[in-house]
Amino acid sequence: SSIEDGSLSSLPLMIPLLAEAAAAFEELTRADLDDQLAWQDDEAWPNTFRRAWLLPAIDLVQADRFRREVMSVMRGVLEGTDALVAPSFARGDAGPLMIANATGHPSITVPTDLLPAGRPHGITAIGHLFDEATLCRIGTAIERDAPIRGRRPPGA
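Numbering-wise (the working numbering), the sequence shown opens with residue 6 and increments by one.
Note that these hints are calculated values from the structure, not bench results.
Don't be surprised by glycine CBs; every beta carbon is placed ideally from N, CA and C.
Be aware that a few hints might be false.
[Unchecked claim] Ranges of calculated distance between the beta carbons of each label pair, as one might list FRET restraints:
id	residue 1	residue 2	range
1	G160	P61	41 to 49 Å
2	G160	E25	32 to 40 Å
3	L38	G85	21 to 29 Å
4	E84	R142	14 to 22 Å
5	A29	R124	23 to 31 Å
6	V66	W44	17 to 25 Å
Construct the complete structure from the given sequences, taking the supplied hints into account.
In C-alpha coordinates, the structure reads:
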(Lines of atoms letter the chains of each structure in order from A and count residues from 1; the text may use other names and numbers.)
(Lines give C-alpha, C1' and ligand atoms only; values in the text may rest on other atoms or scores of the structure.)
Protein backbone atom coordinates (compact mmCIF):
# COMPACT_ATOMS: atom_id res chain seq x y z
CA SER A 1 0.00 0.00 0.00
CA SER A 2 1.06 3.57 -0.56
CA ILE A 3 -0.03 6.85 1.01
CA GLU A 4 -0.79 9.95 -1.04
CA ASP A 5 -1.74 13.41 0.22
CA GLY A 6 -4.77 15.27 -1.09
CA SER A 7 -7.90 17.21 -0.20
CA LEU A 8 -11.56 17.38 -1.17
CA SER A 9 -14.05 20.09 -0.26
CA SER A 10 -17.23 18.80 1.33
CA LEU A 11 -18.98 22.11 2.06
CA PRO A 12 -21.49 22.05 -0.85
CA LEU A 13 -22.48 18.54 0.22
CA MET A 14 -24.06 20.00 3.36
CA ILE A 15 -27.06 21.24 1.38
CA PRO A 16 -28.44 17.83 0.36
CA LEU A 17 -27.45 16.38 3.74
CA LEU A 18 -29.49 19.04 5.53
CA ALA A 19 -32.45 18.58 3.19
CA GLU A 20 -32.36 14.79 3.63
CA ALA A 21 -32.11 15.12 7.41
CA ALA A 22 -35.05 17.52 7.48
CA ALA A 23 -37.08 15.15 5.30
CA ALA A 24 -36.26 12.21 7.57
CA PHE A 25 -37.55 14.14 10.57
CA GLU A 26 -40.41 15.93 8.80
CA GLU A 27 -43.13 14.52 11.06
CA LEU A 28 -41.18 15.55 14.16
CA THR A 29 -40.78 19.11 12.87
CA ARG A 30 -44.36 19.49 11.59
CA ALA A 31 -45.75 18.33 14.94
CA ASP A 32 -43.42 20.75 16.80
CA LEU A 33 -41.99 17.77 18.67
CA ASP A 34 -38.46 18.89 17.77
CA ASP A 35 -38.87 21.46 20.57
CA GLN A 36 -38.72 18.55 23.03
CA LEU A 37 -35.22 17.50 21.97
CA ALA A 38 -32.70 18.38 24.67
CA TRP A 39 -30.08 20.19 22.61
CA GLN A 40 -31.50 23.39 21.09
CA ASP A 41 -28.34 25.42 20.37
CA ASP A 42 -27.94 27.06 16.97
CA GLU A 43 -25.89 24.18 15.55
CA ALA A 44 -28.14 21.46 17.05
CA TRP A 45 -30.09 19.14 14.76
CA PRO A 46 -33.56 20.53 15.61
CA ASN A 47 -32.55 23.99 14.36
CA THR A 48 -30.80 22.43 11.39
CA PHE A 49 -34.06 20.65 10.45
CA ARG A 50 -35.96 23.93 10.72
CA ARG A 51 -33.46 25.87 8.60
CA ALA A 52 -33.45 23.18 5.92
CA TRP A 53 -37.11 23.91 5.22
CA LEU A 54 -35.95 27.27 3.84
CA LEU A 55 -33.42 25.92 1.34
CA PRO A 56 -34.16 27.19 -2.18
CA ALA A 57 -34.88 24.38 -4.64
CA ILE A 58 -32.27 25.70 -7.07
CA ASP A 59 -29.59 25.35 -4.39
CA LEU A 60 -30.62 21.75 -3.82
CA VAL A 61 -30.48 20.98 -7.56
CA GLN A 62 -27.04 22.60 -7.89
CA ALA A 63 -25.79 20.75 -4.81
CA ASP A 64 -27.06 17.47 -6.23
CA ARG A 65 -25.13 18.16 -9.43
CA PHE A 66 -22.04 18.79 -7.31
CA ARG A 67 -22.71 15.52 -5.48
CA ARG A 68 -22.62 13.64 -8.79
CA GLU A 69 -19.30 15.32 -9.62
CA VAL A 70 -17.89 14.24 -6.26
CA MET A 71 -19.05 10.67 -6.97
CA SER A 72 -17.05 10.76 -10.19
CA VAL A 73 -14.03 12.28 -8.42
CA MET A 74 -14.20 9.57 -5.75
CA ARG A 75 -14.08 6.87 -8.42
CA GLY A 76 -10.84 8.42 -9.63
CA VAL A 77 -9.43 9.01 -6.15
CA LEU A 78 -10.02 5.39 -5.15
CA GLU A 79 -8.74 3.92 -8.41
CA GLY A 80 -5.74 1.75 -7.62
CA THR A 81 -6.16 2.14 -3.84
CA ASP A 82 -7.84 0.16 -1.11
CA ALA A 83 -9.30 3.21 0.64
CA LEU A 84 -9.06 6.92 1.31
CA VAL A 85 -7.99 7.47 4.92
CA ALA A 86 -8.38 10.84 6.63
CA PRO A 87 -8.73 12.29 10.14
CA SER A 88 -12.30 12.24 11.41
CA PHE A 89 -13.61 15.75 12.01
CA ALA A 90 -10.19 17.36 11.61
CA ARG A 91 -10.48 20.99 12.70
CA GLY A 92 -14.25 20.49 12.98
CA ASP A 93 -14.55 19.41 9.33
CA ALA A 94 -16.77 16.40 8.75
CA GLY A 95 -15.32 16.02 5.24
CA PRO A 96 -14.65 12.28 5.05
CA LEU A 97 -17.94 11.39 6.71
CA MET A 98 -19.88 13.85 4.55
CA ILE A 99 -18.26 12.65 1.32
CA ALA A 100 -19.05 9.01 2.13
CA ASN A 101 -22.60 9.94 3.13
CA ALA A 102 -23.20 11.91 -0.06
CA THR A 103 -21.63 9.48 -2.51
CA GLY A 104 -22.80 6.21 -1.00
CA HIS A 105 -19.27 4.93 -0.46
CA PRO A 106 -18.88 2.74 2.61
CA SER A 107 -16.80 4.16 5.42
CA ILE A 108 -15.50 3.11 8.79
CA THR A 109 -14.36 5.37 11.61
CA VAL A 110 -12.08 3.96 14.28
CA PRO A 111 -10.59 5.53 17.41
CA THR A 112 -6.84 6.10 17.31
CA ASP A 113 -5.96 8.15 20.40
CA LEU A 114 -7.29 10.38 23.15
CA LEU A 115 -6.98 14.14 22.79
CA PRO A 116 -5.53 16.08 25.76
CA ALA A 117 -9.06 16.85 27.00
CA GLY A 118 -9.77 13.10 27.08
CA ARG A 119 -11.99 13.00 24.01
CA PRO A 120 -11.35 10.18 21.57
CA HIS A 121 -9.87 11.04 18.19
CA GLY A 122 -10.16 8.80 15.18
CA ILE A 123 -9.66 8.35 11.49
CA THR A 124 -12.13 7.50 8.77
CA ALA A 125 -11.48 5.19 5.85
CA ILE A 126 -13.68 5.46 2.76
CA GLY A 127 -13.73 2.43 0.51
CA HIS A 128 -14.93 1.28 -2.86
CA LEU A 129 -18.63 0.83 -3.46
CA PHE A 130 -19.79 -2.59 -2.23
CA ASP A 131 -16.40 -3.40 -0.66
CA GLU A 132 -17.09 -3.18 3.06
CA ALA A 133 -14.88 -6.23 3.72
CA THR A 134 -11.71 -4.32 2.84
CA LEU A 135 -12.75 -1.49 5.16
CA CYS A 136 -13.29 -3.95 8.00
CA ARG A 137 -9.76 -5.31 7.49
CA ILE A 138 -8.35 -1.75 7.44
CA GLY A 139 -10.30 -0.81 10.57
CA THR A 140 -9.12 -3.93 12.38
CA ALA A 141 -5.48 -3.20 11.49
CA ILE A 142 -5.76 0.43 12.62
CA GLU A 143 -7.38 -0.50 15.93
CA ARG A 144 -4.78 -3.21 16.55
CA ASP A 145 -1.90 -0.74 16.19
CA ALA A 146 -3.52 2.48 17.51
CA PRO A 147 -2.16 4.20 20.65
CA ILE A 148 -5.67 4.15 22.15
CA ARG A 149 -5.75 0.37 22.32
CA GLY A 150 -6.83 -0.66 25.82
CA ARG A 151 -7.49 2.93 26.93
CA ARG A 152 -10.86 4.57 27.60
CA PRO A 153 -11.94 8.21 27.86
CA PRO A 154 -12.29 9.48 31.45
CA GLY A 155 -15.62 8.39 32.92
CA ALA A 156 -16.24 5.73 30.26
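Task: Violations among the numbered hints - done: 3 and 6
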